[in-house]
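J.: What follows is the residue order along each chain.
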Amino acid sequence: MKTLKATLIASALVLTAFASTSCKDDNKEKATNSTQSEMKGKQDAKALAVLNDYFNLKDALVNDDNSKAKTLGNTLAQSLKSFDASNYSDSEKTELKDIIEDATEHAEHISESDIKHQREHFKTLSKDVTDLVAITGTNTKLYEQFCPMYDGGTAWLSTKEEIRNPYYGSKMLKCGKVQREIN
Amino acid sequence: MRAVKIIVWILVIVLVGIQFIPTKRNQSDTVPETDFMVANKVPASVMKTVSTSCYDCHSNNTSYPWYNKVQPMAWYLQYHINEGKDELNFNEWGNYSNRRKKSKLRSIISQVEENEMPLGSYTLVHKDAILSNDSKTELIDYMNLLKDELE
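Quick mapping for you: the protein sequence lines, in order, are chains A and B.
Here my numbering = 1-based position in the first sequence + 2.
Here my numbering = 1-based position in the second sequence + 280.
Just so you know, not all the hints are guaranteed correct.
When the alpha-carbon atoms are kept at most 25 Å apart in a straight line, the in silico SDA-like pairs for lysine to any residue are as follows [stated by the list, open to error]:
{"hint": "1", "chain 1": "A", "residue 1": "72", "chain 2": "B", "residue 2": "380"}
{"hint": "2", "chain 1": "B", "residue 1": "365", "chain 2": "B", "residue 2": "317"}
{"hint": "3", "chain 1": "A", "residue 1": "125", "chain 2": "B", "residue 2": "430"}
{"hint": "4", "chain 1": "B", "residue 1": "427", "chain 2": "A", "residue 2": "110"}
{"hint": "5", "chain 1": "A", "residue 1": "72", "chain 2": "B", "residue 2": "366"}
{"hint": "6", "chain 1": "A", "residue 1": "99", "chain 2": "B", "residue 2": "395"}
{"hint": "7", "chain 1": "A", "residue 1": "118", "chain 2": "A", "residue 2": "175"}
{"hint": "8", "chain 1": "B", "residue 1": "382", "chain 2": "A", "residue 2": "87"}
{"hint": "9", "chain 1": "A", "residue 1": "125", "chain 2": "A", "residue 2": "86"}
{"hint": "10", "chain 1": "B", "residue 1": "304", "chain 2": "B", "residue 2": "343"}
{"hint": "11", "chain 1": "B", "residue 1": "382", "chain 2": "A", "residue 2": "114"}
{"hint": "12", "chain 1": "A", "residue 1": "95", "chain 2": "A", "residue 2": "84"}
{"hint": "13", "chain 1": "A", "residue 1": "129", "chain 2": "B", "residue 2": "390"}
{"hint": "14", "chain 1": "B", "residue 1": "381", "chain 2": "A", "residue 2": "100"}
{"hint": "15", "chain 1": "B", "residue 1": "381", "chain 2": "A", "residue 2": "175"}
{"hint": "16", "chain 1": "A", "residue 1": "95", "chain 2": "B", "residue 2": "390"}
{"hint": "17", "chain 1": "A", "residue 1": "118", "chain 2": "B", "residue 2": "425"}
{"hint": "18", "chain 1": "A", "residue 1": "125", "chain 2": "B", "residue 2": "380"}
{"hint": "19", "chain 1": "A", "residue 1": "129", "chain 2": "B", "residue 2": "430"}
{"hint": "20", "chain 1": "A", "residue 1": "83", "chain 2": "B", "residue 2": "386"}
{"hint": "21", "chain 1": "A", "residue 1": "118", "chain 2": "B", "residue 2": "285"}
{"hint": "22", "chain 1": "A", "residue 1": "173", "chain 2": "A", "residue 2": "139"}
{"hint": "23", "chain 1": "A", "residue 1": "99", "chain 2": "B", "residue 2": "362"}
{"hint": "24", "chain 1": "B", "residue 1": "382", "chain 2": "A", "residue 2": "150"}
{"hint": "25", "chain 1": "B", "residue 1": "382", "chain 2": "B", "residue 2": "394"}
{"hint": "26", "chain 1": "B", "residue 1": "416", "chain 2": "A", "residue 2": "121"}
{"hint": "27", "chain 1": "B", "residue 1": "382", "chain 2": "A", "residue 2": "164"}
{"hint": "28", "chain 1": "B", "residue 1": "427", "chain 2": "B", "residue 2": "406"}
{"hint": "29", "chain 1": "A", "residue 1": "129", "chain 2": "B", "residue 2": "304"}
{"hint": "30", "chain 1": "A", "residue 1": "125", "chain 2": "B", "residue 2": "427"}
{"hint": "31", "chain 1": "B", "residue 1": "304", "chain 2": "B", "residue 2": "294"}
{"hint": "32", "chain 1": "B", "residue 1": "382", "chain 2": "A", "residue 2": "146"}
{"hint": "33", "chain 1": "A", "residue 1": "99", "chain 2": "B", "residue 2": "379"}
{"hint": "34", "chain 1": "A", "residue 1": "118", "chain 2": "B", "residue 2": "395"}
If you are wondering where the hints come from, they were derived from the structure by calculation, not from laboratory data.
Computed from a predicted structure; not experimentally measured.
Construct the entire structure; sequences and hints are all you get.
T.: This is the structure:
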């Protein structure tokens, strides 16, 4: 009788475990359809949102904050998905679509990884965001900074001139230099 | 005692019942032109490693184990295959932009280097998919070569 009960409980557990793993992908959020932006300035609001989320994520990595970076990775993925490329030329649209697709994947990975992997993905993400800014332009001055030590040399963007290294955090906070100013 | 009997019967019915729910099988006879092996000049040994250790979950053609006929195992496999193809589908390689290829190569290299791929739950059953040190180095070297070509 006792063993029967135990078997029952065990099989119930196994069933629930399978049920929960196989349903995981259902709650992925769907990309929101963005309405056409009315802003025709140098940089539109959607692009600005992407940049702001990127900088918040960078700060979390500077502070070695894995869980905050997870949340912010998710925030960035959402703002990337709602990015609106309709005001750009056809060739820009193609490139923007490519950049957004790649960057979204990295942001999503950041939302579910340990800090080491977050930083690996942040490297490629930084390249994507830099290429994005090259197309959308920026209202504020940005600094492209470079750390020669991380993975054979790695760049990132910052709004401030002083170096705060997102790849090493507290280990080597000031490693790097400004390699370019973007206006 | 009566209650236990009823529960046992319900469980049996559920377990038998779910066997009749069909799952989509990930199988295809054709190798598209966009396939990783077609798009690149992959050395034979690397080709063998990649097809044995990666293609079951990262292509449109899985060679299924016998227990795929049994639920809930079939769901479990289907979930993994969907996830795997979503991340990287070697059959679609030629459709990826250079930016995406670089990202994928970087991830392949880091996942293999850190022994995160192939998945432990996969190699537990597929002993032949376990990467030897030699095949691992060879695979990483080749992926690095492809990545450098794109830089």
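J.: Hint by hint, which ones does this structure get wrong, listed from lowest number up?
T.: Structure breaks hints 6, 15, 16, 21, 22, 27, 28 and 29.
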